[in-house]
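2 protein chains.
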Amino acid sequence: MSAYGYQLQLKHLLEHGVRWAPDQEIVYRDKLCLKYSDFYSRVLRLAGALTGELGVKPGETVGVIEWDSHRYLEMYFAIPGIGAVMHTINPRLSPGDLLYTMKHAEDDILVFHEDFLPLVEQLRPELSHVRRFVILTDGVEAPKTPVASDEYEALLKRAKPLEKLPDLDENTRATLAYTTGTTGKPKGVYFTQRQLMLHTLSLGVSLAAFGGQGSATTRDVYMPLTPMFHVHAWGMPYVATLLGLKQVYPGRYEPELLAKLVKTEGVTLTHCVPTILQMVVTAAEAHGLTFPGWKIVIGGARLPKGLALAARKLGIIIYAGYGLSETAPVLTLAFRKPFMDDWDEDAQVDVDVSTGFPIPLVDLRIVDEHGNDVEADGHATGEIVVRAPWLTEGYLKEPERSEKLWKGGWLHTGDVAHFKEYGYVQIVDRLKDVIKSGGEWIVSLDLENLLSLHEGVLEAAVIGVPDPKWDERPLAVIVPREGWRGKLTGDQLKEHLEQFVNQGKLIRWAVPDRYEFVDEIPKTSVGKIDKKVLRKTYEGTQ
Amino acid sequence: MSAYGYQLQLKHLLEHGVRWAPDQEIVYRDKLCLKYSDFYSRVLRLAGALTGELGVKPGETVGVIEWDSHRYLEMYFAIPGIGAVMHTINPRLSPGDLLYTMKHAEDDILVFHEDFLPLVEQLRPELSHVRRFVILTDGVEAPKTPVASDEYEALLKRAKPLEKLPDLDENTRATLAYTTGTTGKPKGVYFTQRQLMLHTLSLGVSLAAFGGQGSATTRDVYMPLTPMFHVHAWGMPYVATLLGLKQVYPGRYEPELLAKLVKTEGVTLTHCVPTILQMVVTAAEAHGLTFPGWKIVIGGARLPKGLALAARKLGIIIYAGYGLSETAPVLTLAFRKPFMDDWDEDAQVDVDVSTGFPIPLVDLRIVDEHGNDVEADGHATGEIVVRAPWLTEGYLKEPERSEKLWKGGWLHTGDVAHFKEYGYVQIVDRLKDVIKSGGEWIVSLDLENLLSLHEGVLEAAVIGVPDPKWDERPLAVIVPREGWRGKLTGDQLKEHLEQFVNQGKLIRWAVPDRYEFVDEIPKTSVGKIDKKVLRKTYEGTQ
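Chains as they are written, first to last, in my numbering: chain A, 1180 to 1721; chain B, 1180 to 1721.
Isolated chain A (complex conformation) (with noise of 0.2 Å):
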């Protein structure tokens, strides 16, 4: 049979955005403006260079250093695009980490921007494995060193550009990311060409046909403030270049020059975390700007209502999505139903700070201990699992944490929510924070919270004790205010509690038994409370 057996592909996103748009712009910092076709050339060139001089084969991995930039996107394209996989490497882990990762990996060549020169410098010694230094400069020299074996725009002078990219199984391996959790040593999640084909077409009929709140279309312009180095930047990339999007890459995150280039470019479609969203607005505010159109999909923690409704002032158009780094990762985004078009704004911005609703080929569930759905009543909370065709198949070189990733065949996301009206999704806590007790889940969130709201309470955190009787029992640990010390008392706080139990708000049987008074909550180096500790400090007390 001579029927083609079509494989899918990245290849095919950037063959239609070249030949849809190729005058169209990617933008690098305020340094170089390149046409798709350029792109498209130098996509060639670069994969001549890793099959060429560098030597890689298929399945070997390239390990890649380096800020948003329009080099990050061509590795995008041309490293899977050989068949080779993509190590995205998250400079911000520890030295110790960033070793064991690539160690882990074993990547082969390793591509590094030059501001992460004194760290390459310094593991070298332990990277054996790595057959060749590529270094990337955006000066017109890189800096002389020996660990550096060749240049990036050298190398891509030098070399022998490909036809086109070769036909590949869409199962090869395309891509590999490490995740840090709490717990243990980092681990690797990889993807297959196929699963960032599908994440991409879904995420993409998602933006532009779901949106209530904007939809995207080839007229908008992309600015990722989510680094690539991050799973993929969301995938975005990939969507923005299947569209024909122009594309801008700002380098390392400066306040200033983000600014600068979202006016200067026109950029009308982002995505980042709330903190990076504060500073926007904050700098907005600060100088007198706004940003009229400006979409901003939001991840990678709660969207606070009061930022959502400080961006809307200056015009940005903001909606929520979710997902994981074992989740390529889009799974939800809080797009706006036809019918809430009329509802009132404080309504809507509910909708919009939502952890939102799953896109097409997404199987959400929200699952009890034994993986019953808990009912969809708005308050019954479970763990989300997820089936969608583009999660990692596991962790590498893990079969033990893959197996309880994907227990039962259903990957589990590790996040506690319920589910709101409508269908929409809520995140309350992180699993391993709730507090289970007589077969009863307790959000511990809540009830720091609704702690929170007591004058004397300055800050509360609630975790989960050992219980012969009951499993789990909730403990608060407050620091009382000053003018309070060692005058609140347990009882006051059982009280204050009581209150919510008769409103509806809180279940009695969440209310605290214990209650201890501290002068400081443990944190993590990022600033959250360091729960770990805390069950550690109490977990034989009674």
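Just so you know, these hints were derived from the structure itself, not from any lab. Mixed in with the good hints there might be a few duds.
A pair holds if it fits inside one copy or across any two, identical chains being indistinguishable in the list.
[As the list claims (entries may be wrong)] The calculated DSS-like cross-link candidates involving lysine-lysine, where the alpha carbons are at most 30 Å apart (straight line), are:
#1 K1615 / K1364
#2 K1599 / K1611
#3 K1684 / K1702
#4 K1343 / K1583
Every value quoted in this text rests on a predicted model; they were computed, and no experiment measured them.
Use these hints to put chain B onto chain A, whose structure you have.
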């Protein structure tokens, strides 16, 4: 490994649509309005009836003869949903061809609308392979007939609904349809779950994101005006269901009812052939109606510019598309690129009426007889050959024709085209009507258009006749106008064509040497010039 091997299946579209828009409406004529959630229940009930009472096994074939209805949409999901093949039967075929296709498909079950009862009664004695006949009726009771063992609604009422549609391999065959050429028996084309899913996703992202003429969104109201028995109504019902659109099914097409439905249901998204659009425009002009914002995709035949302009005057947003039964069907859509937004109307409409631009994942080439790409210079013509992940693997049980279709690993469309500016495709002829002469391709349509500009020409047809030296040479068959009969000469017409050669509009080589004058040109049953008959008439003559 517990990781779930996600298979692309049509049920995922349905499940998404129902989850997103459970209260959205599916309207049938002026008779019925179903919510998506009720529709989904009916699909599960139908699936239960098929697997239960009707005993349909995976891989068996269910033939369907039906107008456009919610019932047909139910079958679009339930029949493939249980792993069976939905054979969409074109009732416009001759009874002989109908019988041929049903026997060739080996339909196990036949579902038919009561309008076709006389036909089914006539064919029944020959349909020994059909196990059960299910009749569909809009009325309260189906007409009594010994042919129909079952009535659709009664069957559904009795059925035990499935809880969910089962999981299938994505390469399971989902649909089968027959296409008729001018020669030979109808040919069966078939598509898998995966193919239809990928067609839906690419078409969805195209309609939503690429439009310059108006993008489709979840706010649209969809109504087909290409029958559902014709290549899945261009795959649009699947897109509409994915997006949770309000859908309107008009049953048998009746102009009065169609116009009424568009107005009362607020239809905004439709597709049809130019003939239907012409009917709509004529009726609207006669009744002084307008349709502001109604998006109509035109396919099946070339969209005349005059018709497009007339439709625009009524507020209709119009653009062309292209595909074949063999291609599921969509290959191109005539979307304007962003920089065309500023063009004047005339230039924009030239884009709208072109054959269009390949949608994502379609690899479209225009090649000469040796399979080499012709130059994309705006003139050079060749055959369109394609690859995409949703093309039929061949013709059912016809290995030779299948090999010919897929010669060299590219699906041969039989359409002759050139690339216009900016990568748009323009079809100029059918391959079998092109004249191959001295290594050049001469487009018969061009010659016919130019000949018809002579005041003495009522009608012109140009065919290729065998030539010992040049392979073929063009021969013009002319019906002179009243008053020119017996007077018009070949030399006059040659002279007439020479002026276009001098203007650079025609290559000299294309000017026919021979001119035959006749009273009438033979036509096919649908009114097209019958070139097969003409070629037969003149092939032996000199």
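Review point. Which earlier hints turn out false for this structure, listed by number in ascending order?
Key: Violated: none.
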